[in-house]
Amino acid sequence: MVRPDMVSQAIARVYDIKDVEKPTLYRELSIDGYLTNSRMIGDNLYLISSKSVYYYDGIKDEELLPAFIDTAVSKKTNTITCTDIAYFKNPQYNNFLTVAGFDIQKKEKASTETIYGAGDNIYCSQNNLYITQTNFKYMWGTEIEKTEIYKFELDGEKVLLKANGEVKGTINDQFSMDEYNGNLRIATTKNQYDEKKSESVLYVLDENLNEIGKIDDIGKGEKIYSVRFIGNVGYIVTFKQIDPLFVVDLSDPENPQIKGELKIPGYSSYLHPYDETHIIGIGYNTKSNGYGGTVNDKMKMSMFDVSDLENPKEMFSIDIGNSTTSSEITYNHKALFYNKDKNLIGFPIRTYGYYGSGTSQFVVFEIDLKEGFKSYGKIKEDGYDWEKTIKRAIYIEDTLYVIATDYVVSYDLENLEKQEELKLDGNFSSIRY
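Under the working numbering, the letters of the sequence shown match residues 31 to 463, in that order.
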């Protein structure tokens, strides 16, 4: 029998690369549905799959229920039975969400947990995996946004569903969550599409996802653009017309407090820790749109001094590109190149021009706490040749590898001089980097 959704599977393959010229398939795990995300801790890989439920009269259980194949055990299809699927009250989405864990060094059966629900953001600590789902409800013409949280305990390759909870509002991304000393800190925005009612909230939840601490009314009339937690301190950026950076003291989880606030033009949509007392913000300048609102201007990177929680400061900043410049780093942290030893930071940017003109670049900056950000170099492709659109840059020792849609080019990291170029065999435009 052919399963109706067999074309949609999340697949993890492990290869033996002892002979690098002839890698061999060691094991394969495939789960019904599409790949939501994955995480890896040591040798343990955790794969998350979401399968939509399509019901019609006469459908058989083995077609409706999620299934998986784990070649470490056999090539036989294993159906996850109803009694092995967790169900919570009033689910909003008709999906099966499966988390599977296995040790890539062993050929032992994968551990799986399945819930009847969905997930859109993933956060993983050393001991637990959190999956959240935004739920929208309407009551008396008012939209109520809530974030549902599923917590899975990770014990080696074993995965165990431990708790389910809910908070008001919606999260920005995975950095809106963080686990510390067994508690989950999570920042949300309520009523984000209503400028008069929008506000942000920071919750502290215990190991069972029960609320033990909270800060209300953060950034009234604004919404969250970026969050970062570092130990006992949290940083929250909200925005409407100016960029407030809130510094939160979380040393007492039952009584979190906003200690400091910095208001500057523009906003940071990604925060990256530099050291214990400095944090880097990457985002945009803004300017008036002439109608009482704002629009993005040039990109901007700032260095914040947060050594004094009550008095955060913008030490220096640098403008990047022009009013048409954008970067994936503002919504995907994987686009960041960062070498702390050499004090280098970089990311891809795109600048638009008339009639399809423009550039794809990878910009690299040197970080100097005394003199500010300095341009270290640019790797540039003119026009919009999609094959050479720059996606990422990674480094191995003193070589920088710039990855475009269909090319990999190596550069000397010391001077950014081009070394070699490799044309990839095939279309890699849809690869997740």
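Hint data in this document are derived by calculation from the structure and do not stem from the laboratory. No experiment lies behind these values; they were computed from the predicted model shown. Please note: incorrect hints may appear among the correct ones.
[What the hints assert, rightly or not] Here are the simulated DSSO-like cross-link-like pairs (lysine-lysine), alpha carbons at most 27 Å apart as the crow flies:
hint, residue 1, residue 2
1, K270, K328
2, K167, K188
3, K293, K167
4, K270, K289
5, K270, K293
6, K105, K137
7, K453, K328
8, K289, K328
9, K250, K192
10, K317, K328
11, K167, K226
12, K192, K227
13, K328, K364
14, K181, K48
15, K328, K244
16, K137, K90
17, K192, K176
18, K400, K343
19, K328, K250
20, K370, K317
21, K167, K198
22, K105, K188
23, K90, K136
24, K418, K453
25, K250, K317
26, K198, K139
27, K136, K181
28, K418, K404
29, K137, K119
30, K244, K119
[As the list claims (entries may be wrong)] Each pair of labels, with its calculated beta carbon distance range:
hint, residue 1, residue 2, range
31, E340, S38, 35 to 43 Å
32, N445, K192, 29 to 37 Å
33, E196, D398, 40 to 48 Å
34, Y384, G212, 53 to 61 Å
Ideal Cβ positions, reconstructed from N, Cα and C, are used throughout, including at glycine.
Structure-based check of all given hints:
| no. | hint | verdict |
| --- | --- | --- |
| 1 | K270 / K328 | holds, 17 Å |
| 2 | K167 / K188 | violated, 34 Å |
| 3 | K293 / K167 | violated, 34 Å |
| 4 | K270 / K289 | holds, 21 Å |
| 5 | K270 / K293 | holds, 11 Å |
| 6 | K105 / K137 | holds, 13 Å |
| 7 | K453 / K328 | violated, 33 Å |
| 8 | K289 / K328 | violated, 30 Å |
| 9 | K250 / K192 | violated, 34 Å |
| 10 | K317 / K328 | holds, 10 Å |
| 11 | K167 / K226 | holds, 19 Å |
| 12 | K192 / K227 | violated, 34 Å |
| 13 | K328 / K364 | holds, 21 Å |
| 14 | K181 / K48 | violated, 37 Å |
| 15 | K328 / K244 | violated, 35 Å |
| 16 | K137 / K90 | violated, 31 Å |
| 17 | K192 / K176 | holds, 20 Å |
| 18 | K400 / K343 | holds, 14 Å |
| 19 | K328 / K250 | holds, 26 Å |
| 20 | K370 / K317 | violated, 33 Å |
| 21 | K167 / K198 | holds, 11 Å |
| 22 | K105 / K188 | holds, 21 Å |
| 23 | K90 / K136 | violated, 34 Å |
| 24 | K418 / K453 | holds, 10 Å |
| 25 | K250 / K317 | holds, 21 Å |
| 26 | K198 / K139 | violated, 38 Å |
| 27 | K136 / K181 | holds, 26 Å |
| 28 | K418 / K404 | holds, 26 Å |
| 29 | K137 / K119 | violated, 37 Å |
| 30 | K244 / K119 | holds, 25 Å |
| 31 | E340 / S38: 35 to 43 Å | violated, 52 Å |
| 32 | N445 / K192: 29 to 37 Å | violated, 51 Å |
| 33 | E196 / D398: 40 to 48 Å | holds, 45 Å |
| 34 | Y384 / G212: 53 to 61 Å | holds, 56 Å |
Consistency note: the structure conflicts with the earlier hints numbered 2, 3, 7, 8, 9, 12, 14, 15, 16, 20, 23, 26, 29, 31, 32.
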